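Chains as they are written, first to last, in my numbering: chain A, 1 to 434; chain B, 1 to 434; chain C, 1 to 434.
No wet-lab data here; the hints were simulated from the structure.
Any given hint could be a false lead.
Copies of the same chain are indistinguishable here, so a pair counts whether it falls within one copy or spans any two.
Stated by the list, open to error - Subject to a maximum C-alpha distance of 30 Å in a straight line, what follows is the list of computed DSS-like cross-link-like pairs (lysine-lysine): (1) Lys162 x Lys81; (2) Lys204 x Lys291; (3) Lys150 x Lys291; (4) Lys73 x Lys291; (5) Lys162 x Lys405; (6) Lys306 x Lys405; (7) Lys425 x Lys120; (8) Lys81 x Lys425; (9) Lys31 x Lys405; (10) Lys130 x Lys162; (11) Lys133 x Lys291; (12) Lys430 x Lys81.
Every value quoted in this text rests on a predicted model; they were computed, and no experiment measured them.
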Amino acid sequence: MPIAVARSLLPPHTLIGMTCNTREHVVQAVKDGADYVGIGPVWATQTKKVLNPVVGVRGLGELLEPLDGTDVKAVAIAGIKSTNALQCLHGAISTTGHRLDGLAVVSDIVASTEPYAAAKRLSTIIHAFKSNKIHTFSGAAGPYNQEYIKDRVGRLLSTIRKHGPLVQQITNNVVTTQSANATLALGASPIMANAPEEMADLGKAIGGLLINFGTIQSLDGMLIAGHNANINRKPVVFDPVGVGASTFRRTSANTLLNTWQATVIKGNAGELAALANSAEVQARGVDSVGKGFSDPAAFVRNLARKERCIVVLTGVVDWVSDGTTVVRLANGHPMLGDITGSGCMAGSSIAIFCAAESTDTANRRAPDAAEDGMLVRGDMLIATVGGILAVTLASEYAAGRADVKGPGTFLPALIDELGRLTAEKIMQAKVEVL
Amino acid sequence: MPIAVARSLLPPHTLIGMTCNTREHVVQAVKDGADYVGIGPVWATQTKKVLNPVVGVRGLGELLEPLDGTDVKAVAIAGIKSTNALQCLHGAISTTGHRLDGLAVVSDIVASTEPYAAAKRLSTIIHAFKSNKIHTFSGAAGPYNQEYIKDRVGRLLSTIRKHGPLVQQITNNVVTTQSANATLALGASPIMANAPEEMADLGKAIGGLLINFGTIQSLDGMLIAGHNANINRKPVVFDPVGVGASTFRRTSANTLLNTWQATVIKGNAGELAALANSAEVQARGVDSVGKGFSDPAAFVRNLARKERCIVVLTGVVDWVSDGTTVVRLANGHPMLGDITGSGCMAGSSIAIFCAAESTDTANRRAPDAAEDGMLVRGDMLIATVGGILAVTLASEYAAGRADVKGPGTFLPALIDELGRLTAEKIMQAKVEVL
Amino acid sequence: MPIAVARSLLPPHTLIGMTCNTREHVVQAVKDGADYVGIGPVWATQTKKVLNPVVGVRGLGELLEPLDGTDVKAVAIAGIKSTNALQCLHGAISTTGHRLDGLAVVSDIVASTEPYAAAKRLSTIIHAFKSNKIHTFSGAAGPYNQEYIKDRVGRLLSTIRKHGPLVQQITNNVVTTQSANATLALGASPIMANAPEEMADLGKAIGGLLINFGTIQSLDGMLIAGHNANINRKPVVFDPVGVGASTFRRTSANTLLNTWQATVIKGNAGELAALANSAEVQARGVDSVGKGFSDPAAFVRNLARKERCIVVLTGVVDWVSDGTTVVRLANGHPMLGDITGSGCMAGSSIAIFCAAESTDTANRRAPDAAEDGMLVRGDMLIATVGGILAVTLASEYAAGRADVKGPGTFLPALIDELGRLTAEKIMQAKVEVL
């Protein structure tokens with residue numbers, strides 16, 4: 001029934017909503033004078049058979065954009081419960097900054113033995129989320145300058161060495177050893193577990209999670225681990241190695257990103273282009289081909305805004321953005337390209353810095369902040385820059401050593417130098433805030 | 001029917017047995033004047049539907065203790081056959097030293113095409129077991145002193161270099177390469193196979209087996225490999241990495257230990273505490289937290305007695321026990337803690353020394369000893385100490401080298417020094433017999 | 001019905017064929033005056049229920065031999081389609097050089113929506129194959145001499161460094177890291193993917209494929225990857241690590257070799273003996289026992305002829321053959337035997353040289369040669385020699401370095417020296433053409 005007809009039949013001031021599955025539906029609903037739209041399905045659900053294609057958390061933002069400048073409200077529907085509500089609210093924000101106004105929930109309340117508590121839990125999450133002003137993972141610290149960033153990174157390094165955060169790493173079988181050794185050298189503690197059965201336990205214990213799918217051997221483990229990290233508000237660093245190399249990898253990356261919210265996505269130009277469906281850069285196996293993006297700063301800013309997380313584009317120069325600020329990092333020795341897994345090591349390093357920053361921030365907060373509306377605590381932009389700086393700076397010191405005679409001896413030297421990194425060395429890094 | 005009633009109905013001197021599933025059952029049976037108890041089920045079985053909870057090999061000992069000082073006999077029941085009879089007899093010994101008097105077997109005889117031969121086989125195993133006086137894996141050599149131990153370890157090193165035992169290692173994917181290299185450096189030959197399909201073949205060929213479940217990727221392979229090692233009387237070293245990190249790991253460790261008899265269990269304080277259900281030490285990921293056990297000597301002695309094997313507690317000081325003797329080892333450089341997998345390497349090293357000792361002993365024995373009552377031949381206490389000494393001593397030499405500038409260069413140096421270990425260096429080790 | 005009876009009933013000059021499943025059938029068909037034989041089944045098929053044992057591609061050659069010196073024609077039957085026709089024609093050649101005259105195909109034409117095109121495709125393949133004179137993977141360059149070989153290997157090294165071929169490596173989890181690093185050091189680009197889902201995509205992108213089954217973890221991936229490499233005419237190097245260690249490995253190796261045509265098979269004496277069902281040399285785990293073959297040159301020549309590919313026998317001396325020429329290589333330092341995976345690294349190196357040679361040859365050919373009758377382009381004998389020379393020569397330079405103090409420091413030095421290999425160094429190699 002058209003909205004106009006419904007409105008003529010109903011008492012004045014009746015709220016009328018319309019369920020929308022596409023951007024066109026939303027445009028039509030605004031035109032027809034709907035009071036609110038229900039957009040989804042976010043996930044496939046048992047409540048009723050899903051007839052429309054699943055929109056997914058990452059698809060919601062695009063459906064919110066036609067509501068910019070209107071006072072039509074929006075709720076997301078299907079599959080939402082207290083364990084994924086905050087992920088949904090965070091992930092649904094449009095690139096224009098438009099947020100959901102609420103969540104439509106059935107099973108999580110109705111099927112609960114304590115429906116009041118269940119509804120209360122959801123309501124608390126929604127209110128906490130809406131009371132937040134910052135919806136990026138960079139926190140409220142900006143505007144940034146390079147001195148501030150380097151100082152904070154140096155302090156984070158001390159925090160890592162003092163507290164030794166436990167960092168879970170589901171990574172490819174080419175780099176597990178060296179990633180674990182790099183983690184230890186930086187002062188953190190690695191756990192390379194990937195069995196789905198233990199993810200719920202580990203999600204509570206860890207400080208952060210790395211998911212690197214260079215060899216996709218435990219997609220189930222990756223799905224469950226990321227979900228548990230979200231539930232426990234632990235940062236998730238996603239390194240979609242070689243995502244452009246096959247359709248299977250592209251599909252897998254989408255499945256992962258629709259199941260949990262990444263805190264940081266890291267990739268080379270070929271990988272991030274594949275993830276963004278950009279044809280500007282091509283991939284060849286796990287490598288990027290050609291000169292990269294014509295405007296890398298704009299690329300990372302846009303992708304960060306779209307994926308609602310920190311994005312790092314690695315290369316000769318590394319670019320980091322939270323969707324607003326862009327940081328340009330021009331450090332690192334070319335020998336990093338001569339060994340396998342240096343990019344993966346950077347992913348581990350980012351996860352370590354994120355874990356330290358997140359744990360440290362959570363520890364310093366008042367206990368009543370536990371229910372705040374942020375999926376991850378702390379400044380993940382700073383942490384991400386820290387992770388990149390650690391590996392690139394260490395590579396410069398390693399490459400300069402007299403005992404390094406090629407890529408074989410460079411790797412042990414690189415691990416050594418991660419262990420010898422200091423705040424003073426970090427202050428020498430080339431960091432530019434755009 | 002109560003025993004007293006049965007006895008009143010039956011002729012004098014009739015033997016009356018009672019099936020017991022719990023310690024309380026056994027206490028009652030003794031009180032009621034039973035002649036023997038049948039305890040179990042040891043394994044789930046097809047003979048009759050198992051209604052009572054499976055006791056498991058490792059649960060039998062506790063049910064034998066109430067028989068101490070009585071002349072009530074005990075047999076184990078359910079799932080026993082010639083391939084696991086010796087494991088069952090060995091594993092069932094109580095911490096007080098109480099042994100089974102026999103085994104109740106149905107299918108393995110009745111369903112056999114040659115029931116006489118089947119019964120004979122079982123009878124031979126039971127008599128051989130009962131004729132043994134030593135039921136620990138340390139053999140009959142004790143009492144020990146440090147000179148004897150170090151001399152024997154030095155000789156074992158020569159045996160390894162001369163015969164190059166083949167050591168199968170099902171280990172985590174973080175350390176496979178360096179564990180294989182450490183094995184080669186010591187002079188042994190690694191095979192890192194984990195496919196269940198080839199375990200029966202390999203069980204015959206190998207000298208020893210390491211099972212390390214840092215990343216539990218092939219539980220089936222671990223189950224079948226250990227079982228075949230038991231059948232072929234090859235030592236099994238179990239390294240339950242991070243067993244305290246998740247319920248899944250704890251459950252998996254129990255499944256493994258109930259399926260085969262470990263010859264050596266090695267772990268840090270957090271891991272062994274989790275295995276022993278002790279709350280004295282906590283684990284964090286794969287690491288141990290805090291200062292460890294207040295009385296590590298008592299802890300390893302008790303756990304060795306309970307698990308019927310050699311137990312090694314690793315840390316700044318390493319403790320080894322067979323349930324009677326405790327050996328304290330105070331060697332090793334702190335840099336071992338700065339690299340991943342040094343503990344796993346120690347596990348491989350122990351498996352190598354156990355393989356050499358077991359093969360060497362078997363080779364030196366008379367052929368008619370093949371059916372003796374020992375699950376593993378040779379002195380596994382000595383072998384275990386040897387495995388620990390090799391890695392800890394090599395670490396001291398490696399850390400002292402001028403070309404070691406951090407954890408990255410320490411690892412290759414450690415492998416080098418495993419290759420350069422000598423009997424003379426072993427004589428310098430700090431070994432204390434308690 | 002006997003052929004003689006059929007012939008008496010039919011008009012003169014009627015062609016009469018007989019389906020043969022064994023060598024004895026073929027002998028009988030010749031004796032009975034058949035015009036042609038249909039030999040197979042090559043693969044199990046849906047067309048009709050296969051009652052006879054599958055002969056397999058590798059079994060066809062033996063059935064062709066009784067046709068030597070006769071003019072009885074032969075076609076292969078069952079399971080043949082355009083995607084495996086060339087593999088079948090190539091793999092079926094007998095050790096005496098007898099080729100198939102055609103292929104009997106049903107489904108691939110009849111079940112096609114475009115039967116004419118399907119038949120045309122098959123016909124083109126058969127004619128291209130038959131117009132070829134060379135059916136080894138060494139190409140038409142021979143006779144060889146050592147100067148020519150070394151010069152060509154040096155040029156190939158430049159090609160690798162210039163074009164950086166993408167080499168897929170499905171290898172065991174002990175050596176992934178160092179194989180990837182060796183690949184990068186030589187100047188190529190590794191992709192260690194093993195998920196079956198992405199093999200079709202990767203088969204198009206890669207320059208060559210290594211399949212090493214040291215730890216058989218993804219047999220499905222290996223099967224599909226090799227098949228796609230055959231379809232895309234990319235070289236496949238097969239390293240059947242430890243194939244003699246278990247029945248499971250022997251069976252797996254046969255399954256793989258019957259599914260795709262290997263371009264190169266590489267193994268030590270124990271492995272190749274197991275593959276050839278020779279009892280002359282025994283295996284122990286992944287190692288070979290004893291002194292090896294009494295006549296290694298004859299062994300590799302015969303196995304190369306039987307398996308229709310290049311065969312490399314590794315050891316103190318390495319032997320390479322295409323079934324005609326045998327090349328003896330006497331390079332390499334004994335320290336290669338002190339580290340794990342040096343053999344696997346040689347396998348990777350061979351795959352890299354094969355990828356470079358194959359890509360380079362394809363690039364230099366006229367476009368209309370795309371449908372020629374060769375499964376792989378370029379001289380794989382040269383490429384295989386190149387792969388062996390790279391690792392063995394690098395090992396000599398590494399072992400001579402002052403910073404190498406044992407197997408731990410030898411490995412990084414070896415990787416360094418792969419990166420420092422030059423055409424000049426290759427000219428110093430000991431290469432002998434027999």
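Hints, one by one, checked against the model:
no.: 1; hint: Lys162 x Lys81; result: neither (37 Å within a copy, 55 Å between copies)
no.: 2; hint: Lys204 x Lys291; result: between (42 Å within a copy, 23 Å between copies)
no.: 3; hint: Lys150 x Lys291; result: within (28 Å within a copy, 36 Å between copies)
no.: 4; hint: Lys73 x Lys291; result: neither (44 Å within a copy, 57 Å between copies)
no.: 5; hint: Lys162 x Lys405; result: between (34 Å within a copy, 22 Å between copies)
no.: 6; hint: Lys306 x Lys405; result: neither (43 Å within a copy, 44 Å between copies)
no.: 7; hint: Lys425 x Lys120; result: neither (49 Å within a copy, 68 Å between copies)
no.: 8; hint: Lys81 x Lys425; result: neither (46 Å within a copy, 63 Å between copies)
no.: 9; hint: Lys31 x Lys405; result: neither (69 Å within a copy, 70 Å between copies)
no.: 10; hint: Lys130 x Lys162; result: neither (35 Å within a copy, 56 Å between copies)
no.: 11; hint: Lys133 x Lys291; result: neither (38 Å within a copy, 44 Å between copies)
no.: 12; hint: Lys430 x Lys81; result: neither (44 Å within a copy, 59 Å between copies)
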